[in-house]
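As they're listed, the protein sequences go chains A and B. Position 238 (the first sequence) corresponds to 238 in the UniProt record's numbering; numbering is contiguous. Position 175 (the second sequence) corresponds to 175 in the UniProt record's numbering; numbering is contiguous.
Treat the hints with caution; some may be incorrect.
[Claimed, not checked] Selected chain A positions facing chain B (in silico; Cβ < 7 Å):
1) Leu-48
2) Leu-77
3) Pro-80
4) Pro-83
5) Gln-87
6) His-96
7) Thr-99
8) Pro-100
9) Ile-101
10) Leu-257
11) Pro-283
12) Leu-284
13) Thr-288
14) Asp-289
Hints were generated in silico from the structure; no laboratory data involved. Where is the CB? At the ideal position from N, CA and C, for every residue including glycine.
There are 2 protein chains.
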Amino acid sequence: MTHPAPGSGAPAPRLAHIATQAKVSEATVSRVLNGKPGVAAATRQRVLAALDVLGYARPVRLKPRATDLIGLVTPELTNPIFPAFAQIIEQQLAGHGYTPILCTQIPGGATEDELVEQLVDRGVGGIIFLSGLHADLSTDPARYEALTSADIPYVLINGYNDRISAPFVSPDDHAAVRMAVTHLADLGHTRIGLAVGPARYVPSRRKREAFLTALGEPAAQTVQHTLFSVEGGQAAAVALLDQGCTGIICGSDMMALGVIRAARDRGLRVPQDVSVVGYDDSPLIPFTDPPLTTVRQPVHAMASAAVGALLEELGGSPVQRTEYVFQPELVVRGSTAQVRT
Amino acid sequence: MTHPAPGSGAPAPRLAHIATQAKVSEATVSRVLNGKPGVAAATRQRVLAALDVLGYARPVRLKPRATDLIGLVTPELTNPIFPAFAQIIEQQLAGHGYTPILCTQIPGGATEDELVEQLVDRGVGGIIFLSGLHADLSTDPARYEALTSADIPYVLINGYNDRISAPFVSPDDHAAVRMAVTHLADLGHTRIGLAVGPARYVPSRRKREAFLTALGEPAAQTVQHTLFSVEGGQAAAVALLDQGCTGIICGSDMMALGVIRAARDRGLRVPQDVSVVGYDDSPLIPFTDPPLTTVRQPVHAMASAAVGALLEELGGSPVQRTEYVFQPELVVRGSTAQVRT
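Produce the entire structure from the sequences given, and follow the hints as far as they go.
Below, the structure written as structure tokens:
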């Protein structure tokens, strides 16, 4: 894209002049005049105001390029952790002049491959995948190679696959389980269970590994792979409570709520009889009954890192094809207590 | 856009032939071949399969038009009612071949006007506003006239302004408050309060009207306008509990959670000492402490109606410029009980 001519008859704007007035760099002025992304809305506004003040015509409105569209592929938005990520990603992309296209998946709806095909058809500049198929080791990573060959950069959040060459952003699943195990052990629990989603997902697999590392191989008996939902937690709890577990660590807060429901169904109290640790944390979790003790995902840091990595890629400076791992934190509320003796 | 030529050398596809094979109308086949929106993904797939079976080349991939982009302007996604709407709107738009652009607002972030300007710059085909400025009677409706003159159809959810000529989709706020008042009155409550957001918002205003209609003008003393958040509910509750209210009706579930917190802060139990009714309902609300009695917004019906109205507008058949009002329902859980005598 070339430097656009100023309004006819107006003097050619002098970059240095405008930059001084707007208190920004000449490069920034140039980006704004050329309608390039990567400039915060407030800064852009300041440059346009400087043009007005100095009597230069504003640049003719430029048609944004299709490559300014960024796909955001998410699972359903029912689990509040996904909108939490989406909100931060959306706002940070918009702040840099990019336009986020939201693509959600539901069972029976468009598949991730269809969504990606539509995004490529649209000519998107890049894609951020949130808990996508990349986290599912049973699927074919070739779909991502297609993006690479089409020169469309992408970043993958929450899941890691060494057969895909891209920047990954993940929470430290091992640390999350270690924190939860230590917390329950400190409270005197010796019979601890783990309820996570299907084993083909990287986060489930890593949590299982960390669980066995912390408690030894025989602890495999008290690992249940079900679904990440309330009903999944409920199903896992039936088996774990039958095995006499007094503390249960979950792969999501939704699962933890299902575990609490299952415990109550058989007359057990949480936390007096059973301690439950969730995973994710979101604004309503402090209000659950009981307020959930949970391991919080560093959503803001992770979302910002994903956007940052994508912006670097879009700016032509590829970031390292590696996994950026973020530290979760244990938030102790009311669903865990000393084991009953 | 003209009918694209089939792959070179292949016979020209005969619409009737393909339509029979795909078991769809000729018009639908034509839409698919011309890459027009308004065809469900499954149907499109069926037509492409029919082409394959009959040995016709698939149409050359067509660059989608900018007008297939649809803006979805929402407030922050922290209140789970907004992602609930966003998910359904996104999926229904995608099912019809449109691509939704998500625009969220936060205090200090892009304003609605800036978001709209960006969407217009993008050449979007239409916009759905969710709880936007249209619900704020203190703002200038001229911004919507600009869209009308630019021939960009839009639909407004949750808020009504008779100075804007567009299809509106709203829950019946009057009915919502009537249901809540009747429920509390049936439980013997005579001192009832209303905690809603700022008076300049249409839903707050309507809830207040319905409250005074049900309980008489003197009930205006027990109406508190604060913010739709947890903290807003907490602030409203302090005043309402001081006035001796035993039942409090809220403008959002977040407010209701704040009211419960304020009641407990002064040693009151919910529902034994104070009954609380929320508004919205979302997947985590059954798990709050206590499980919240709330008035559920008919999210699916409203989101579908908004998409339906926009699709009609995009298809060139303007729908009536009126308000489509949807019936909420009272979900009785554990935050309301018989008044203490």
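Each hint, compared with the structure:
Against a cut-off of 7 Å between C-beta atoms, the interface hint on A:Leu-48 is violated, since the closest Cβ of chain B lies about 12 Å away. With a cut of 7 Å, the hint placing A:Leu-77 at the interface with chain B holds, because the nearest CB-to-CB distance is about 4 Å. Because the closest C-beta pair between A:Pro-80 and chain B is about 6 Å apart, less than 7 Å, the hint holds. Because the smallest distance between the Cβ of A:Pro-83 and any Cβ of chain B comes to about 4 Å, under 7 Å, the interface hint for this residue holds.
Because the beta carbon of A:Gln-87 sits about 4 Å from the nearest beta carbon in chain B, less than 7 Å, this interface hint is met. The restraint placing A:His-96 at the interface with chain B is violated, with a minimum CB-CB distance near 12 Å, outside the 7 Å limit. About 6 Å separates the beta-carbon of A:Thr-99 from the nearest beta-carbon of chain B, less than 7 Å, and the hint is met. For A:Pro-100, the suggested interface contact is upheld, since its CB lies about 6 Å from the closest CB of chain B, less than 7 Å.
With its C-beta approaching chain B no nearer than about 6 Å, A:Ile-101 sits inside the 7 Å limit, and its interface hint holds. Against a cut-off of 7 Å between C-beta atoms, the interface hint on A:Leu-257 holds, since the closest Cβ of chain B lies about 5 Å away. The interface hint given for A:Pro-283 is met, as the beta carbon of that residue sits about 5 Å from the closest beta carbon of chain B, less than 7 Å. Below 7 Å, beta-carbon pairs count as interface contacts, and A:Leu-284 has one with chain B at about 5 Å; its hint therefore holds.
A hinted interface residue such as A:Thr-288 counts as satisfied when its beta carbon comes closer than 7 Å to some beta carbon of chain B; here the least separation is about 5 Å, so the hint holds. With 7 Å as the threshold, the beta carbon of A:Asp-289 comes within range of chain B, its nearest partner Cβ sitting at about 3 Å, so the hint holds.
Going through the hint list in order, the structure does not satisfy hints 1 and 6.
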